[in-house]
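Colleague: Here is what each chain is made of, one letter per residue.
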Amino acid sequence: MTGAQKITLKGVAKAFGDKHVLAGLDLDVPAGQSTVIIGGSGSGKSVTLKCILGLIRPDAGTITIDGEDVTDLSRSQKEEVNRRIGMLFQSGALFDSLSVVDNVAFGLIQGKRIARREAQAIALDKLAQVGLGREVADLSPDELSGGMRKRVGLARAIATDPEIIFFDEPTTGLDPIMGAVIDELIVKTVKEMGATALSITHDMASVRRIGDRVAMLHDGKIIWNGAVAEIDQSGNEHVDQFIHGRAEGPIKMGVRA
Amino acid sequence: MNFLRPIGRVAISFLEATGRLALFTFRGVSHCVRPPFFPRLILRQMIDIGYFSLPVVGMTAIFTGMVLALQSYSGFARFNAESAVATVVVLSITRELGPVLAGLMVAGRIGASIAAEIGTMRVTEQVDALTTLSTNPVKYLVAPRLIAGTLMLPCLVLIADIIGVFGGYLISVFKLDFNATNYLQLTWEFLKPMDVISGLVKAAVFGFIVTLMGCYHGYNSRGGAQGVGRATTNAVVSASMLILAANYVLTSIFFGD
Ligand SMILES: Nc1ncnc2c1ncn2[C@@H]1O[C@H](COP(=O)(O)OP(=O)(O)OP(=O)(O)O)[C@@H](O)[C@H]1O
Ligand SMILES: [Mg+2]
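Residue numbers (the working numbering), protein chains in the order written: chain F, 1 to 257; chain Y, 1001 to 1257.
With the rest of the complex left out, here is chain F (with noise of 0.2 Å):
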């Protein structure tokens, strides 16, 4: 399993304006495995995942996928590097002026220049794999429900069968069959298609379905980082205090009693 790193950060930091969200955060993401970070609402996970996908621009540090550092690419080498890349957004950030079928199809037809119909066809089995059927395929994404909207993300994110991936709350507003059914979607998407998986989720039960190996976020580093199944003996009160949820603990949120 041990093989080489897929995308490895060495000392990203971020801020906006005087407020430190990464401060010096390093990450090992493996190739072909699913990686997942966990952390408080508002930590940074979803900033991590932008600052890899060049949509932010870290302040300091670096960030390699496949060796190759991609920090400081310009824009049509971005292009390029996220070709290979699909993103679930935590908003689903469908595009509203295209119907749902159009939507996924999109990276297909931009992206890997797939004629039309051949690009709407892989669309519709996309959207049958997250269990969304033809009668949805023309409807605007504003006529979907919010769980309906996130599992078009999906089908949009792994349309193009992208080596890296990147979940951002895949399950977050979904219920729990649903979850289970997307969550086995992404370990089959990752055993199947050899992908890499990167995924931001809160829902415990869904780390230990999906994940490979967890790293959690807090004060804009990584705290810890281990295969999922030392996640109960980690040792680390931050992590035992956000497995079990308890409210006290070292991990303060901000809110006053």
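These are computed hints drawn from the structure, not numbers from a lab. All the given hints hold, so there is nothing to weed out.
Negatives, chain F to chain Y, calculated, CB over 12 Å: (1) Gly24; (2) Ile122; (3) Met178; (4) Asp203.
Here are some of the chain F residues that sit facing chain Y, going by a computed Cβ distance under 10 Å: (5) Glu79; (6) Val81; (7) Gly86; (8) Phe89; (9) Gly111; (10) Arg156.
Every residue, glycine too, gets a C-beta built ideally from N, C-alpha and C.
Fit chain Y with the ligands to the known structure of chain F by using the hints.
Modeller: Just chain Y with the ligands, lined up with the frame of chain F:
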């Protein structure tokens, strides 16, 4: 020397904004002339900008032509120069009022809707999603609009010219008792191709300004619904100001000597 500080700050932020706009303009234009193009998107924008602006621009033109005829008649009647009415109407419309008023109306209609649409896409992460699907957002969102605006405004203004002259004709013939053939002859007599051409060149510039301002403010909008609202207002106001300023410059180039 402390009182100089705010002045310096304003000057610097002004230069910064100008630089950003110049860079954005350069990027937008460079994507207009480099393939791949998006003919479907360009066509859709052309219909939106050209066809659906016809009623507004047509109404503006016909009332302007009518008012021009009334005003110039009541003015010129004081020194028995009523025969100049036709010439005044056609020259004012083709040289100035056609392009400027059409430009301002389109700024309100199209500039605002472009800023709102792209701004919403920005704050809902759809612009980021484009990047992750290896599509350059400037190429996909900005270039088609710039092309459509620059091409469609001259067409609109040509139609506005005809409608405006017709408005003047209506008033002159049916209210001011001009002879119909006589009036049309007077309209043609002093009209030079340059009068119309200069108006159409202005229109192309205004079309570019309106779509550019819409795209620029939408693309850089931040901060939710409020940010989009601000972007919309800024797009309309800045487009209107720039149209009036550019109009002066263009007039002095065409007719300065
Ligand atoms: N574009 C931005 N501009 C300013 N601040 C930002 C921006 N994006 C994120 N932040 C801030 O960075 C912090 C981390 O945001 P992020 O979205 O990464 O949180 P998260 O860990 O994904 O949380 P959640 O689990 O709630 O999604 C937040 O405090 C947020 O306010
Ligand atoms: Mg998040």
